[in-house]
Amino acid sequence: MIQLSRWKVIVLAVALFFGVLLALPNVLSPAQRAALPGFMPKNALNLGLDLQGGSYLLLEVDVEAMRTKRVDNLIEDVRVALREAAIPTNQITREAGGAVITLADPARSEAAYEALRTLVGAAGPNGAPERVATRLPDGRVRLAFTQQTLDAMGPTAVDQSIEVVRRRIDSLGTREPSITRQGAERIVVQAPGESDPAALERVIGQTAQLTFQMVDSENSVQDAVAGRVPPDAELLLAEDGVTPFLIKKRVLVSGENLTRAGVGADQSGRPAIDFRFDGEGARRFGEATAANIGKPFAIVLDGKVISAPTIISPITGGTGQITGSYSIASASELVNLLNGGALPAPLTVEERRVVTAELGADAVENGKISTIIGFIIIVVFMILAYGFLFGGISVIGLVLNGLLIIAAMSLTQATLTLPGIAGLVLTFAVAVDANVLIYERMRDEARAGRSVIASLDAGFNKAMGTIIDANLTTLVAAMIMFIFGAGPVRGFAWTLTIGVFTSVFSSVLVAQVLLAYWLKIKRPKTLPIAESVR
Amino acid sequence: MTWWPLIKVLPQKTNFHFVRYARVAAALSIVLCTASIIGCFYPGLNMGIDFRGGAVMELTKPNNEALDIAAVRESVAELGLGDVGVQGIDNASSAIVRFQVPDGQAQAAVVNRVQSTINEAVGPVTYSGVSVVGSKVSGELFTSGLLALGVAVLLMFAYIWFRFEPQFGFGAIAGLLHDVILTFGLIVLFKLEFSLNMVAAILTVIGYSMNDTVVVFDRLRENLRKYKTMPLREVIDLSLNETLSRTIITGVTAVMVLAALAIFGGEALFGFSIALMFGIIVGTYSSIYVGAPIILLWGVKRGELADDAKPVKLGMASRP
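Protein chains in written order, with this note's numbering: chain A, 6 to 539; chain B, 5 to 324.
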């Protein structure tokens with residue numbers, strides 16, 4: 006094993022070459038990195054948010070709220086459809102995924118069923134209609150979402166939310182945000198650098214559901230405030246949070262039919278929001294306004310009435326304007342929200358971690374200092390314990406190990422976190438363990454009276470099994486951390502994992518090759534680390 | 005220069021009778037472990053926001069002005085958020101504020117309110133780090149943290165069982181639990197914050213403790229094969245003595261490096277490094293005094309050759 010085999014030298018040389026090449030970007034400035042020729046690796050260490058500063062948000066998509074909302078809309082559709090068909094109802098009861106309608110005259114259940122069938126809607130994404138209408142044996146009629154549709158709502162909502170959040174964050178100009186799904190109903194947003202976490206949260210947190218609904222002018226707002234809200238209307242507040250409005254539940258046109266919003270100006274030159282509907286939206290808005298001239302309608306954003314103008318003439322062109330007390334900044338924020346699309350369901354922030362760039366830089370500084378000091382301690386200790394030759398060999402192995410860890414972390418773009426730095430430091434400490442195991446074996450063998458060559462050989466052979474066993478346990482622990490851990494802990498686990506591989510590789514191989522050279526050149530008679538001749 | 009390299013100065017061959025003191029060590033370990041377990045429930049772990057939910061913010065008065073910590077504490081306490089902790093750090097101008105976000109209140113709103121209250125009380129300050137964890141997430145983090153520790157212990161047990169023999173597995177697992185429990189004891193004793201990082205530290209202790217145990221067991225297995233007629237307790241002593249220099253060198257290196265990390269790594273890594281350092285020390289102790297002697301205990305229980313049991317039969321030969 007100790008003979009100088011050519012392939013080991015080659016493997017070491019290749020490892021050294023790639024180690025230097027892949028670790029190189031870390032010592033270059035960003036400008037120098039950009040100037041590297043195409044074949045050179047450009048990735049430096051990917052620092053975690055705790056080291057470079059930034060915001061981390063864990064958002065939960067409230068799928069249940071969205072399901073409730075969809076059923077609300079379905080019930081409104083039922084009400085309108087039956088009224089148009091002039092079929093009086095006694096009661097509409099809400100059930101898990103739909104509504105059960107009790108008719109005033111059970112004999113008309115056939116007619117009601119036919120009226121509701123028009124609401125079953127177009128085929129969904131998988132070919133089946135979204136909703137089903139059924140006649141119950143007791144003459145009641147049921148309209149509900151299919152189980153498939155209900156099941157698909159969650160994943161679809163999360164996918165759509167990720168898209169919307171991405172568009173909104175892009176409009177903020179945040180540098181390289183990462184938006185990923187976590188589990189069934191969660192989204193992780195990581196925005197590195199010095200972004201404004203408050204703006205980030207404001208922009209993400211708004212659902213931006215824009216709807217146009219009629220104001221209920223037949224019933225009095227006072228009655229509604231006193232608790233007598235008609236079944237087809239709801240009590241909403243204005244943006245000031247005080248003024249109440251009684252609004253018909255039925256949605257004339259919603260934000261989904263919006264094609265483009267922009268910042269404009271109202272008659273008096275104050276900032277306002279101009280918008281344009283798509284074809285369907287324009288048609289529906291035209292019909293609704295033509296039928297309700299002289300009555301007020303409301304523009305509702307996320308459950309708040311932002312304005313309630315009176316319809317003077319039918320609006321058929323498909324364009325409109327929202328006026329209010331906007332500043333240029335708040336108007337453009339709203340425009341970005343509208344253009345980014347509405348979130349299909351409300352998002353709640355479950356976890357939020359913000360680290361400023363200065364704090365991150367401090368952490369990097371502390372990490373650097375402790376790594377360097379730890380490294381020096383190991384070097385001094387190993388040389389004191391095993392002398393320049395054997396101690397020095399471990400140190401060379403250690404340097405290669407450090408290089409390879411940085412190279413591997415840069416290559417895989419694994420995130421280096423603060424605990425990750427601790428993992429790195431610990432890896433160095435445990436890396437010399439392989440050398441210690443080998444050297445102690447060699448000493449055992451020399452003590453047993455073996456020749457230098459035989460001692461070296463047996464040292465490597467016998468220690469190898471132990472080294473592998475010992476490192477596999479660390480690897481298992483690191484794997485568990487990676488699977489169960491979150492955020493920084495994963496960084497620690499990854500650093501530890503890479504460290505296990507590189508440290509076994511470099512400490513064993515470096516020692517083998519260098520000791521083989523030493524044997525060849527010096528032809529020693531005694532082992533320098535063995536007990537001196539008695 | 006006969007004193008260097010130092011390794012030559014270390015006794016060539018130690019001959020400690022470790023097993024002789026195993027009873028005393030076992031008694032000590034049992035007492036300490038019991039105390040640690042009790043400590044985990046009373047007074048209990050100092051849970052960080054990772055596991056308890058709530059908010060932590062670090063604030064600094066600009067230009068190294070002194071920060072009136074009492075005023076900060078008073079102003080936040082008046083908001084009625086329950087348990088509020090305010091702690092000054094390294095210099096007089098920074099502090100860490102911890103508080104709970106009441107259920108059903110929007111995190112962002114509560115954080116903003118606390119920040120503006122503090123600004124009113126002590127003038128403008130900058131917030132360098134703000135973390136808020138919702139109660140739902142913190143509960144999940146806690147469960148998955150404990151789960152990770154449990155799975156780690158089980159996997160280690162399976163690993164040793166597979167690579168060695170069941171009786172080695174019991175010894176290793178006893179040593180492992182011992183180390184984990186005592187590390188928890190330290191965390192309680194010094195009121196270190198139990199956070200996600202701490203779980204990582206304990207998992208690393210598990211890795212290291214196993215590492216140490218495996219080295220001893222490897223030698224033990226080899227010696228059992230080599231000295232077929234030597235009484236078990238002597239084989240154990242011999243193996244422990246033979247691996248002692250390695251155990252000490254590796255342990256000392258790791259502890260020194262972690263000490264550097266604790267001293268220079270800053271606030272964030274302090275508790276983490278201390279727990280690791282302690283875990284490595286008890287891990288070293290346990291591979292000598294818990295893992296190996298338990299094998300002896302097991303051998304005796306088998307009643308095969310009473311105290312001086314015959315060598316344990318080895319199934320899997322892992323190497324020639």
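If you're looking for bench data, these hints aren't it; they were derived computationally from the structure. Computed from a predicted structure; not experimentally measured. Glycine included, C-beta positions come from ideal geometry on N, C-alpha and C. Among the hints, a few may not be true.
Claimed, not checked - Partial pick of chain B residues on the chain A-facing surface, computed with a CB cut under 10 Å:
#: 1; residue: 156
#: 2; residue: 258
#: 3; residue: 272
So, going through the hints one by one against the coordinates:
Below 10 Å, beta-carbon pairs count as interface contacts, and residue 156(B) has one with chain A at about 5 Å; its hint therefore holds. The criterion of a C-beta within 10 Å of any C-beta in chain A is met by residue 258(B), whose closest approach is roughly 4 Å, and the hint holds. Below 10 Å, beta-carbon pairs count as interface contacts, and residue 272(B) has one with chain A at about 6 Å; its hint therefore holds.
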